[in-house]
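Visitor: Following the hints, position chains B and C against chain A.
Here's the letter readout for the chains.
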Amino acid sequence: MSIQLAGVHKAFGPKKVLRGFTLTLREGETAAIVGPSGCGKSVLLKHLVGLLRPDAGTVFVDGRSVGDLRRRELVELRRKIGFVFQFAALFDSMTVAANVSMGLRRLPGWDRKRIAERVGECLGLVDLNGLGERFPAELSGGQRKRAGLARAIAASPKYLLYDEPTTGLDPVTTSVIDRLILRMRDELGVTALVVTHDMTSAFRVADRITFLHGGKARFTGTPAEVRTAGDDVLRGFVEGDPALYYGL
Amino acid sequence: MVLFPVTVPLSRPLAASGRSTLAALGSIGQASALFAGSVRALRDIGVWGPLLLPQMARVGVASVPIALFIAMFTGIVMSLQASYTLTGTIPLYFVGTMVGKTMILELGPVLTGLTLAGRVGANISAELGTMRVTEQVDALETLAYNPIAYLVVPRTLAGILMFPFVVLLAIAMGIMSGWLTALQLLDMSSPEFIKGLRLFFEPWDVWFAVVKSVSFGAVVTGIGCFCGLQTDQGAEGVGRSATRTVVVSSMIILCLDAFWAAVLL
Amino acid sequence: MERRREILVGLVVVLGIAVGVVGTIWLQGGWRGDQLMLRAASPSAGQLVAGASVKFRGVAVGRVESVAVVPSGEAVMIEMSVRPDLAIPPDAAVLVAPESFFGDWQAEIIARDEYQVHPFLEFPEEGVLPGVALPDFSRLTATADQIAGRLTTISERFEVAFTEETAMNLKNLIDNLGLISDDLSKMISQQAARFDELAVGVSESARELAGAARTARTMLENADSLLTDAGVGTMLGDAGESMRNLRTLTGDMREAMAEMRAAAQQGVTTMNRLEGLMARAESGEGLMGRLLADQELAEGVTTAVANLNTLLADIKDNPTRYLSFSIF
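Chains as they are written, first to last, in this note's numbering: chain A, 1 to 248; chain B, 1 to 265; chain C, 1 to 328.
Bound-form chain A, shown alone:
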């Protein structure tokens, strides 16, 4: 009972982004989906939380088809999933602490004190102690990503979805984020799906890597298997070789 995508198709107008993508996540693992920018990785993630509905195929989360859920059931489902957005998507008008508390405020039985405690905890987990009263605009790129992560984990989700967590960060900050992703897996035991085009990061955090190409899962394997794969397109992507990737 985890996350499963079965033959998902999705098109935006004439542009077919997903053409029968299939993937099954194992409980507790951190999987990565890699692929070039604009290949539909983020689209894939949005299907998991019901922000998008597949044109064909089914997305299962805990055995339930996300596309067929009613609004209230979808709300329940979303409480089990933490979503870390590409640019953090923090609410500009609120402090970091308020951002983190957003998901908690809607939970029954959470009073002010309990929320404040949990916010402190989460900020501690992402090493943002003491920055709770700042506004997003006052944070650096890495700090914002961490704040976004803190917000995603606040409600103790079962699943964590990372959308390009290291995009636009310097190598040191990237590695800080990668370590955080691993810490989430180890300390919180969440099942995570990381979408990235950063192979270094993918190799570092993922138990399994899926290569998304042409709207389908072209290759799935452990980082070691990816490194040694014979597929030219995958090798071209991993090594950053356009000649191989485009088959020139």
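Among these hints, one or two may not hold up.
[Claimed, not checked] Derived EDC-like pairs (lysine to aspartate or glutamate); straight-line CA-CA distance at most 16 Å:
| no. | chain 1 | residue 1 | chain 2 | residue 2 |
| --- | --- | --- | --- | --- |
| 1 | A | LYS158 | A | ASP231 |
| 2 | B | LYS195 | C | ASP104 |
| 3 | A | LYS158 | A | ASP186 |
| 4 | B | LYS195 | C | GLU99 |
These aren't lab readings, by the way, just hints derived from the structure by calculation.
Guide: Just chains B and C, lined up with the frame of chain A:
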């Protein structure tokens, strides 16, 4: 596919008009969906309730100065132009009638509505557009919030609740400034102006203004939310949404103005 | 921050409500305490509506609260609220009339004996003032229009009736009348002449008879001394009697003749006068004659009536051009 020899020169404009018709119908459909969603989202009072007051402050209170400013000059201009128009056979106290009637029935609500379409509508649109393109709207959804309840309902409700008050203040300001102008520049006396003001006054006029401004408030904020949430393609899209909000809501305000005049007067 | 926002929102809301409510009340004519309620019945309400001003001696003293037709449908009940300290005249009545040309009407409280010409409606209910509604300006002009229309019709008929033929007929008639009167006069003269002759004859014969009698008496007086005979005396007395009778008859006849002659003379005079009138009419003297003789004048009258018509129509259409000075 060459059905007629004229296909080529004609097809482009035909296709263009067909496309825009479909787009317009699509927009109407989406707007209706947003409206239905907003009505449903009214149940989530826990979500929008705490946000209502800040939005009322933003939509209503912050709009008062600009609305008063516009109304003040409208009143002055109305007074001067009325006296210019009425020179001759019609007694000057009709300046009061014209200033009062036009401010209450037409200029107060409509000018305030148009001004706030620019101020409030564009603001909401840009804000929500930015939230849309930076995925904050998606973030709301993933945090189990209904974005309509969280973003649209408090803004639209604030517009509906606050617009009438802003408009009433603007009307009062317009009449006051028209009155002062009549006293200072037109050599009229206060009793004269007041006589004209009261001559054809009906309490219903004020209700008419309130009804109009409620609808304008809903339109300005609703269109702002709608265009904002429809935003795509980054900063440029945000700008486009803001412009569209102002244009569309101004048009709808004027159409509604005619509609209310036909239905209620 | 939150508190300040609350205060500001509250301020705008309260100010807005205050402006709306106070402004409305003020524009309606201000807040008025206890008012004296008056009721009046009128056959029509004209254009009077609730909210119209109530005036007394030209001063606004209140306003009309409601205007409604009474259940029986025979009158309009006007309810007015006026200043409580207003002392209205004992024979107060209500005159419903236009306040200006702009469609607003007023109810004016008046002393009835100052407006006696108006047919005030007496409503059989205690405390209801009698009232009357003046005609609307449009109705006034409509009535004027009607009058002008009738004048036009009359003048047209006048024109139609007095054609040349009619005039000729009339002249012939008058001529005939002259002839008849002439004949009549002649006949009366002849008759009178005959009577005259007859009377002269009778008188002469009477005179002769008297002469004969005188001669006879002389003769007989002479003979009397000779023959005293009673029979002759009696015979002579009888003759004297009959002669006196004859003389009386002659006198009566003469009188009757004079009367007849006077009557005939009068008839002739009347006829002559009539003839003269007709002759003058024919020659175009006097108003009637001028009307008959002068086509242009007749047309002038018609045109004048038509002009009056146009003027009234214009007044109806553009009342301000003629009446504005009296309105304000």
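Visitor: LYS195(B) and ASP104(C) were given as a pair; does the straight-line alpha-carbon distance stay at or below 16 Å?
Guide: holds, 13 Å
Visitor: Would the pair LYS158(A) and ASP231(A) pass a check requiring their Cα atoms to be no farther apart than 16 Å?
Guide: It is violated: about 34 Å lies between the C-alpha atoms, which goes past 16 Å.
Visitor: Check whether the Cα positions of LYS158(A) and ASP186(A) lie no farther apart than 16 Å.
Guide: holds, 13 Å
Visitor: Taken at face value, is the distance from the CA of GLU99(C) to the CA of LYS195(B) at most 16 Å?
Guide: Answer holds: LYS195(B) to GLU99(C) is near 13 Å, not above 16 Å.
In summary, the one numbered hint that this structure violates is 1.
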